[in-house]
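Chains H and U are the protein sequences, given in the same order. Mapping of the first sequence onto our numbering: residues 11 to 84, in sequence order. Mapping of the second sequence onto our numbering: residues 106 to 297, in sequence order.
Read the hints as simulated data drawn from the structure, not as lab findings. Accuracy of the hints is not assured; some may be wrong.
Partial selection, computed: residues in chain H whose CB lies under 8 Å from chain U [to be verified]: (1) G27; (2) V31; (3) L34; (4) F40; (5) D46; (6) R47; (7) I50; (8) V52; (9) G54; (10) L57; (11) T63; (12) G64; (13) Y73; (14) P76.
Pairs of lysine to any residue residues, derived as SDA-like cross-links and limited to a Cα-Cα distance of at most 20 Å, are as follows [stated by the list, open to error]: (15) U:K195 x H:K84; (16) H:K25 x H:L69; (17) U:K195 x U:K251; (18) U:K251 x U:A233; (19) H:K25 x H:E68; (20) H:K84 x H:H33; (21) U:K195 x H:R61; (22) U:K195 x H:S72; (23) U:K195 x H:K25; (24) U:K195 x H:V30.
In this text the structure is predicted, and so the values were computed from the model without any measurement. Where a beta carbon is used, it is the ideal one built from N, C-alpha and C, also for glycine.
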Amino acid sequence: MAAKHAKSSRKARMKVGDRVVLHLGPQDIFAEVVEDRGFIGVGGRQLVGIRRTGVSEELTQSYEVPAEELELVK
Amino acid sequence: MPSRSLVTWRIDAARALDEIEGAHRAVGGTGRGRRFATQQINQAYAVLLSSQFQWFCRDLHSEAVDELAGAITIPMIRHVFRTQCVAGRKLDFGNPNPGNIGSDFGRFTMDFWPLVMNSDSRNPRRRASLEALNRWRNAIAHQDFKTVLTQGISELGLREVRQWRTACDAFAHEFDRVVAAHVDTILSRPSK
């Protein structure tokens, strides 16, 4: 859990509102980035909060994943 | 080496809090108007301190989750772990009071507060400061000062907020250390 930089010192790779897909083996999860948590992950990687799309808001909640595990959906 | 969360606390949070200190100094005069203005600044200072400390605690929690999740090689299981670690996390929406902090870090099977309390004899007093800060934070946010009234006085002094800030700063370093040590223990690696 070590780092050398502050949260605002890098350009964000993913931003709020981006549509993304998370590949989990045989399953793909489509989601939207709802929060930029900054570069606080392992090795200074960006973490983002995502919420599944196509699912009622009452049935899903946001959770955090490294941006590098996500693929942008054009 | 400190966590990214602690670095952010030391730099970004300190800068924001110092700006409030600067605003306090910038209010001139000696009359009743100054007293009212500084009271508003002291209250803003307390709310900002609470929110910055909440930010730090939440970041530290996320950082620990990412460290631990990295040890899980199967993507789906890693995903389940991540979602369960932050589902209903109290620091996402609640004050950084001792109960919420202990509850969230307790998810890592650690006796958070006993570890913190036993590491420094000053920590019980710091914990009392953290509780007082969050009582004031709620009183200010809801404009309901019944719970913080002391002898009928509901004014918040700069000295109190500075004491709370000192306590939060000490706790930021303590939390960083005990969480890093616990993550190292879980991952069976020597502490740095």
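A quick look at each hint next to the structure:
1. Interface hint status for G27 (chain H): violated, as the beta-carbon distance to the closest one in chain U is roughly 20 Å, over 8 Å.
2. Checking V31 (chain H) against chain U: minimum C-beta separation of about 13 Å lies over 8 Å; hint violated.
3. Among the interface hints, the one on L34 (chain H) holds; its C-beta lies about 5 Å from the nearest C-beta in chain U, closer than the 8 Å criterion.
4. Below 8 Å, beta-carbon pairs count as interface contacts, and F40 (chain H) has none with chain U, the closest being about 14 Å; its hint is therefore violated.
5. Given the 8 Å rule on beta carbons, the hint for D46 (chain H) is violated: about 12 Å separates it from the nearest Cβ of chain U.
6. Taking 8 Å as the C-beta cut-off, the interface hint given for R47 (chain H) holds, the closest approach to chain U being about 6 Å.
7. Interface hint status for I50 (chain H): upheld, as the beta-carbon distance to the closest one in chain U is roughly 5 Å, under 8 Å.
8. With a cut of 8 Å, the hint placing V52 (chain H) at the interface with chain U holds, because the nearest CB-to-CB distance is about 5 Å.
9. At about 7 Å, the closest approach between the beta carbon of G54 (chain H) and any beta carbon in chain U falls short of 8 Å, and the interface hint on this residue holds.
10. Checking L57 (chain H) against chain U by beta carbon gives a least distance of about 6 Å; that is within 8 Å, so the hint holds.
11. Below 8 Å, beta-carbon pairs count as interface contacts, and T63 (chain H) has none with chain U, the closest being about 16 Å; its hint is therefore violated.
12. Because the closest C-beta pair between G64 (chain H) and chain U is about 17 Å apart, greater than 8 Å, the hint is violated.
13. Of the supplied interface hints, the one on Y73 (chain H) holds, with its beta-carbon coming within about 4 Å of a beta-carbon of chain U, less than 8 Å.
14. Interface restraint check: P76 (chain H) against chain U, minimum CB-CB distance 7 Å, threshold 8 Å, status holds.
15. Note on K195 (chain U) and K84 (chain H): the hinted pairing is violated, with a Cα-Cα distance of about 34 Å set against a maximum of 20 Å.
16. About 23 Å separates the Cα atoms of K25 (chain H) and L69 (chain H), which puts this hinted pair outside 20 Å; it is violated.
17. Simply put, K195 (chain U) and K251 (chain U) have alpha-carbon atoms about 25 Å apart, too far for the 20 Å limit, and the pair is violated.
18. Restraint check: the Cα-Cα separation between K251 (chain U) and A233 (chain U) comes to about 18 Å, which is no more than 20 Å; the hinted pair holds.
19. Between K25 (chain H) and E68 (chain H) the CA atoms are separated by roughly 23 Å; this puts the pair beyond 20 Å, and the hint is violated.
20. Taken as a hint, the K84 (chain H) and H33 (chain H) pair is honoured in the structure, with Cα atoms around 16 Å apart against an allowance of 20 Å.
21. Annotation: proposed proximity of K195 (chain U) to R61 (chain H) holds, straight-line Cα distance about 18 Å (limit 20 Å).
22. Proposed proximity of K195 (chain U) and S72 (chain H) is supported: the alpha carbons are some 13 Å apart, at most 20 Å.
23. For a cut-off of 20 Å, the pair hint linking K195 (chain U) to K25 (chain H) is broken: about 24 Å separates their Cα positions.
24. This hinted pair does not check out: K195 (chain U) and V30 (chain H) have alpha carbons roughly 26 Å apart, beyond 20 Å.
Hint compliance for this structure: hints 1, 2, 4, 5, 11, 12, 15, 16, 17, 19, 23, 24 are not met, and every other hint is.
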